[in-house]
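Peer 1: These protein sequence lines map, in sequence, to chains A and B. Residue 21 in our numbering sits at position 21 of the first sequence; the count goes up by one each step and never skips. Residue 422 in our numbering sits at position 422 of the second sequence; the count goes up by one each step and never skips.
Accuracy of the hints is not assured; some may be wrong.
Stated by the list, open to error - Covered stretches of chain A, as calculated for chain B (at least 3 residues, CB under 8 angstroms):
# : segment
1 : 1-8
2 : 11-23
3 : 30-41
Unchecked claim - Cross-link-like lysine to aspartate or glutamate pairs, in silico, DMTMM-like; alpha carbons within 25 angstroms at most:
#  : chain 1 : residue 1 : chain 2 : residue 2
4  : B       : Lys354    : A       : Asp30
5  : A       : Lys39     : B       : Asp366
6  : B       : Lys356    : A       : Asp30
7  : B       : Lys313    : B       : Asp95
8  : A       : Lys39     : B       : Asp408
9  : A       : Lys39     : B       : Glu360
10 : B       : Lys357    : A       : Asp30
11 : B       : Lys65     : A       : Asp30
12 : A       : Lys39     : B       : Asp409
13 : B       : Lys68     : A       : Asp30
14 : B       : Lys354    : B       : Asp409
These are computed hints drawn from the structure, not numbers from a lab. The beta carbon of each residue, even a glycine, is placed where N, CA and C say it ideally should be.
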Amino acid sequence: MNSFFYGLGLIAILVIIHWYVANDGMSQNDGSVGFLAMKPVKPRDIPTGSSSAKKSFRRKQ
Amino acid sequence: MRDIALMLVVIVGIISTIRYPYVGILLWTWITLMVPHQEAFGFSRSFPINLIVAVVTIGAWIFSKERKQPPFDATFFLLCLFLIWITINGFQAVDPQWSWPLWDRTWRIIALGILISVLATGRVRVHALIWVIVLSVFYYGVKGGLFTLMTGGHYQVVGPPNSPIGDNNTLALAILMVFPLANYLRLQSASRLVRVLLFVAMILCFFSVVGSYSRGGFLALSAVVVIAILRAKRKWLYPVVVGVLIVYAYQFMPQSYFDRIGTIQHAQDDGSFQGRVDAWHVAYGYAKDHFPFGAGFSGPELPQIFGIYEPNKETHAAHNIFFEVLGDNGFVGLAIYVLLWAVIIWNSVVLRYKTKKVPEFSWVFDLSGMLQLTLVAFCVGGSALSFAYYDILFITAALFSTMRVLVDDRLIATREIAVNRRGMSPEASSARAI
Numbered sequence: 001m002n003s004f005f006y007g008l009g010l011i012a013i014l015v016i017i018h019w020y021v022a023n024d025g026m027s028q029n030d031g032s033v034g035f036l037a038m039k040p041v042k043p044r045d046i047p048t049g050s051s052s053a054k055k056s057f058r059r060k061q
Numbered sequence: 001m002r003d004i005a006l007m008l009v010v011i012v013g014i015i016s017t018i019r020y021p022y023v024g025i026l027l028w029t030w031i032t033l034m035v036p037h038q039e040a041f042g043f044s045r046s047f048p049i050n051l052i053v054a055v056v057t058i059g060a061w062i063f064s065k066e067r068k069q070p071p072f073d074a075t076f077f078l079l080c081l082f083l084i085w086i087t088i089n090g091f092q093a094v095d096p097q098w099s100w101p102l103w104d105r106t107w108r109i110i111a112l113g114i115l116i117s118v119l120a121t122g123r124v125r126v127h128a129l130i131w132v133i134v135l136s137v138f139y140y141g142v143k144g145g146l147f148t149l150m151t152g153g154h155y156q157v158v159g160p161p162n163s164p165i166g167d168n169n170t171l172a173l174a175i176l177m178v179f180p181l182a183n184y185l186r187l188q189s190a191s192r193l194v195r196v197l198l199f200v201a202m203i204l205c206f207f208s209v210v211g212s213y214s215r216g217g218f219l220a221l222s223a224v225v226v227i228a229i230l231r232a233k234r235k236w237l238y239p240v241v242v243g244v245l246i247v248y249a250y251q252f253m254p255q256s257y258f259d260r261i262g263t264i265q266h267a268q269d270d271g272s273f274q275g276r277v278d279a280w281h282v283a284y285g286y287a288k289d290h291f292p293f294g295a296g297f298s299g300p301e302l303p304q305i306f307g308i309y310e311p312n313k314e315t316h317a318a319h320n321i322f323f324e325v326l327g328d329n330g331f332v333g334l335a336i337y338v339l340l341w342a343v344i345i346w347n348s349v350v351l352r353y354k355t356k357k358v359p360e361f362s363w364v365f366d367l368s369g370m371l372q373l374t375l376v377a378f379c380v381g382g383s384a385l386s387f388a389y390y391d392i393l394f395i396t397a398a399l400f401s402t403m404r405v406l407v408d409d410r411l412i413a414t415r416e417i418a419v420n421r422r423g424m425s426p427e428a429s430s431a432r433a434i
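Based on the provided sequences and hints, a complete structural model is requested.
Peer 2: Pasting the structure below:
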């Protein structure tokens, strides 16, 4: 079982490195590719919440 | 066989580092935290993998187009100051041959911390680093948890030999420090499968901490659980999960475990506790008599020093991170260390405050909160252990530093855009604000 875990540990670090290279190294830079993908972030400029907040945002635009 | 597999992974990592220097940071962190060469039984145990990866990473970074300038903030300043001071203090060590190898390990940790603060320039990089930290420590946590469940908790879970997490206490604390980071990954991962796997791993790590029979680990676990429950958004979920785990562990663990944990109540009568008080007395006495220097890394543990302040008593390690630094590096070293702690806590509070209502930085808000829990675990567990120079503290300092740069730059840019949209110059806006 120890060797199995050791092998799993080695594979896991390769998966992380691959995920990093696929997302950051290739300049996609949003972390949305692959098994370890992150949840997308909401851009700051897009208001969330009530409709009045959205109207206010459009008015400011 | 393990040696060959490890070498193949390291070679792949080094080749990638030449093209992408940040891969070197990930590899370096992995080797420092997981010490995979100690789990192999052949030539790689004595092979300087860590040094080779460090040299290749620094070389690749210098010749790359990556940012060269560190964030010139309090964290960077204090990390450099601490490195300079422990080096100067090293020449005053009681037994340099004893102290320098430990210094050698510490300077590399600080160098790694500084490099992280330079190169972790975005969310993807920070996220990858957190994955590496969690993988490195949870490797032992998951294994230990399964071992505890399979053996009925009758045997102690210990870490890899010849590493900072080699004994049961330090391994338990390291797992607890990484516990909140695993939760951060669970919160931020898009894949449901990944989230479930992380949750299972966290449960196994809970059993690993229990199976370590560590009293310091038990106290740190209690502190982390209480604070996590108090801060949880879903107030009912954490108590239920924790309650189920505690009830199961209570029925599962043998009487010897409860006997061991029960000695916390009578700590004053315990010989081990008295030994710690003696060690604190030695650390304080030496630092006072040799102001501003300390005895060098683990110097107060040497019989020729311990015997002066506590004659005819058995030598003991400091078993407290702050007394450890005091005895090793004197009052100046302690002052820098405490200031570093203060800056880390300050950065965490500021980041939480600034990102609380910014959806774009919800990940910074989550990560700062989880890193605060990491610090709580380290502070509570570290009050009963000699673990002051553990890598995760310096990595945490670097992460807060780099996240502050990220958040401040973005918020300033957003404010300027908003000002320009309103047709005002930033200067005019500032003047009006004043």
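Peer 1: Taking each numbered hint in turn, which are not upheld by the structure, reported in ascending numerical order?
Peer 2: none
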